[in-house]
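J.: Given only the sequences and the hints, what does the whole structure look like? Please build it.
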Amino acid sequence: MKNFGYSIIKQRTIDYDQFDGRLLNEVLEMEPSFKVCLSCGGCTATCSAGDLVSFNVRRMNLLLRRGETIELESEIQKCMLCGKCMLVCPRGINLRNVIMLIKKSIAKYKPINS
Amino acid sequence: MKAEGKIRVWQDYQKEIADDHYFYVRSCIRQNFFPGSEQTFLKILRTELGKDIYENPHHTTCSGIGYHSDVVPFDTIQTIVARQFALMTEAGYKNLAASCITSFGIYNEIIETWKEFPSELEKVRNFLKSATGREFEVPQNVAHASDIVYKFRDDIAARKKFSLINQHTGEPLKIVEHIGCHYSKMFPSKGVGGAEFPHVLVGMIESWGGEVIDYPERRHCCGFGFRQYLVMSNRGYSVSNSRKKFESMEPYIPDAILCNCPGCPMFLDRWQYVIEEMEGKTFGENGAGIPVLTYEEMAGLVLGYDPWDLGLQMHQTNVEPLLNKIGIQYNPELKYAGKDGKMIGKPMMVGCGW
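Protein chains in written order, with our numbering: chain A, 1 to 114; chain B, 1 to 354.
Since the hints were derived computationally from the structure, they do not count as laboratory data. Each hint should be verified, as a subset may be incorrect.
[Stated by the list, open to error] Residues of chain A clear of chain B, computed beta-carbon distances all greater than 12 Å:
1. K2
2. L24
3. L28
4. T44
5. A49
6. G50
7. V53
8. F55
9. N56
10. R66
11. E73
12. K84
13. P90
14. S105
15. A107
[To be verified] Quick list of the computed label-pair ranges, beta carbon to beta carbon:
16. M348/B x N25/A: 49 to 57 Å
17. D15/A x I253/B: 13 to 21 Å
18. M232/B x N25/A: 54 to 62 Å
C-beta: ideal position from N, C-alpha, C; glycine also.
T.: Take a look at the structure:
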């Protein structure tokens, strides 16, 4: 492939006709408390891993709800499962369980060509 | 809505286009990218339609590219435009016909500025008088060349040798129309159909037998964007915009793309080649690209002009699939023959879908 000195930027459009909600639905079914997340970001502010690396719990939530499983898989590897996010969550969401459920099931729902 | 209501609302989206006696100003870049287009426009107007259209070889660039790239100040571009108007006034014309969409936007922007700020007009009159001794009148009518072809589209249709019909299937050709952003997005009232329903190319396509494709990114910019292209490392922004459009139109299997701007056909044509070289991806049928034409080239094909006289060999995306569908006879041996019959040379870089 030729190099012309510039690159083609990958589209960031989320096509909801192509949306794969299977992983999200499974997580919500197994951990219903996650349905009431209001994206306040308290989890991210207190995150031990986020203090050391670019881990962002709220972004993980967003990736899951957008069906961006490829990015999500690498993101959740950064979590140390310390549970501090659960201590500050105003809605009492069991975020550690959410992470564990994603880790357990994500391989099933990754796009075949990823 | 009742039919009368529709007609009344649609009146608000019309513009006045002069009937005859035009002063023509050419585009800087179209003469290089699509050298046959402007000549074809003049030929159609003079020979086919019998109109009076005059161009003065002393007219210059409008300097719009420099203005939009922040290297030409507003005072300077106003004075350059005033000089074009002075040439028009000296020749006794009142109707300006611009070949370029950037220039069309510039002329409208400056005339509107003079309406809102008469002191600017007086200042520019003084600038031009002191620099060149010339005086000028503001044009009574400013039309883009595509407006004029739109106005006479049915007269062209009455003289057509070919229709935009697929000869193999008998179905209308599926055409993507792409309007230049500076045609009606800046001053909606200056474009046929305004910014919401640009009809200038739709009217031509429908009048000549084709069918317009409505696809999600229809009104998206081609990505030219001046500074997006002028700096090489920024060209990724430009090609990414075009790619977004190609991806959006691809499922509709378009037979051609029709443009009325200098930059849009250039980039929609060239970027197809670049994307094929960079990613191996093409967007047309059977691994080919989607041919991209200017409205003058399309009108010329409909009127039966020779494709190589129209300059279609200058396109980087191969146009032969479209010619075959319309049923136009052409000699492949003469594709790169000059006016005197001598070969002008084949491009070293291979075009999209060859």
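J.: Could you run down the list of hints and mark each one as holding or not?
T.: Consistency of the hints with the structure:
no.	hint	in the structure
1	K2	violated, 4 Å
2	L24	holds, 25 Å
3	L28	holds, 30 Å
4	T44	holds, 30 Å
5	A49	holds, 33 Å
6	G50	holds, 31 Å
7	V53	holds, 28 Å
8	F55	holds, 29 Å
9	N56	holds, 26 Å
10	R66	holds, 19 Å
11	E73	holds, 25 Å
12	K84	holds, 40 Å
13	P90	holds, 39 Å
14	S105	holds, 31 Å
15	A107	holds, 28 Å
16	M348/B x N25/A: 49 to 57 Å	holds, 55 Å
17	D15/A x I253/B: 13 to 21 Å	holds, 19 Å
18	M232/B x N25/A: 54 to 62 Å	violated, 46 Å
Consistency with the previously given hints fails for numbers 1, 18, ordered from lowest to highest.
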